[in-house]
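Chain residues, written in single-letter form:
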Amino acid sequence: DSGVTQTPKHLITATGQRVTLRCSPRSGDLSVYWYQQSLDQGLQFLIQYYNGEERAKGNILERFSAQQFPDLHSELNLSSLELGDSALYFCASSVLRDTDNEQFFGPGTRLTVL
Amino acid sequence: DQQVKQNSPSLSVQEGRISILNCDYTNSMFDYFLWYKKYPAEGPTFLISISSIKDKNEDGRFTVFLNKSAKHLSLHIVPSQPGDSAVYFCAASGRKRGSTLGRLYFGRGTQLTVWP
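In order, the protein sequences belong to chains R and G. Everything in the first sequence is counted per the numbering used here, starting at 1 for the first residue and increasing by one. Everything in the second sequence is counted per the numbering used here, starting at 115 for the first residue and increasing by one.
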């Protein structure tokens, strides 16, 4: 158990809909990352938050947004869903020290768009 | 543009033998490298890491080697066990100011199968 929790575990929805994925980081971790893993793809970085502020953006679509709340949990919002958005979405957290950057991953949310 | 590459999608090794998983990177700003193991239906699990100031790091049966001049790293598992069967991801990040601090760049993974 990494200490990172994600809900829900599975999500099935229709095209055009909007969903919210939730992540709680490990206790003490200030940084939260979101990754997407599609079929035959590696883990693609979407966005990073550090202590409530956006820190880095990757290949995140404009239809997707995220935020980190004062209690450090994070939500990833996916809107106007398309079939191609079906993927595993992972959240990770880290302390983000200068000396290392081990990220600890949650179990993921499997999103299926029908 | 894939900045971290794992060119072998799969590797099959007999139990007790050495498993060697390889990874190449292109970005010279990367200075911290990690290996993750992933079982189906689970998130990636951190395995071992290495900083660019070292060329080797060991943790039990796992050793990571870094060749900065070749921009290459490898993970050695000795001896391999059936429970090691999983997908192994190589990842890299930059920790210096002005670099891509924090985010990880992942390879596409290598499926390791250890057979009895």
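To be clear, the hints were calculated from the coordinates, so they are not data collected in a lab. It is possible that some hints are incorrect.
Lysine-lysine pairs mimicking DSS-like chemistry, simulated, CA-CA at most 27 Å apart [what the hints assert, rightly or not]:
hint, chain 1, residue 1, chain 2, residue 2
1, G, 119, R, 57
2, G, 119, G, 182
3, R, 57, R, 9
4, G, 185, G, 119
5, G, 119, G, 168
6, R, 57, G, 170
The calculated label-pair distances, taken between Cβ atoms and stated as ranges, are [as the list claims (entries may be wrong)]:
hint, chain 1, residue 1, chain 2, residue 2, range
7, G, 229, R, 73, 37 to 47 Å
8, G, 143, R, 61, 21 to 31 Å
9, R, 79, G, 134, 17 to 27 Å
Ideal Cβ placement from N, Cα and C applies to all residues, glycine included.
| field | 27 Å limit on alpha-carbon distance, applied to hinted pair residue 119(G) and residue 168(G) | value | Holds. Residue 119(G) to residue 168(G) sits at ~21 Å (cutoff 27 Å).
| task | For the pair we were handed, residue 119(G) and residue 57(R), check the Cα-Cα distance against 27 Å. | result | Between residue 119(G) and residue 57(R) the Cα gap is close to 21 Å, so the pair holds against 27 Å.
| task | Decide if the proposed pair is consistent with the structure: residue 185(G) and residue 119(G), CA atoms, cutoff 27 Å inclusive. | result | The given pair, whose Cα atoms are some 11 Å apart, holds under the 27 Å limit.
| Does the Cβ distance between residue 143(G) and residue 61(R) fall inside 21 to 31 Å? | 25 Å, holds
| Going straight from one Cα to the other, do residue 119(G) and residue 182(G) come out at no more than 27 Å? | 15 Å, holds
| Distance restraint hint 37 to 47 Å, applied to the beta-carbon atoms of residue 229(G) and residue 73(R) | 42 Å, holds
| Assessment of proposed distance window 17 to 27 Å (beta carbons of residue 79(R), residue 134(G)) | With a Cβ separation near 44 Å, residue 79(R) and residue 134(G) fall outside 17 to 27 Å, so the hint is violated.
| message | Would the hint linking residue 57(R) and residue 170(G) be met if the CA-CA limit is 27 Å? | response | Violated, at about 31 Å.
| task | With a cut-off of 27 Å on the C-alpha distance, tell me whether residue 57(R) and residue 9(R) pass. | result | Holds, because 24 Å separates the two Cα atoms, which is no more than 27 Å.
Going through the hint list in order, the structure does not satisfy hints 6, 9.
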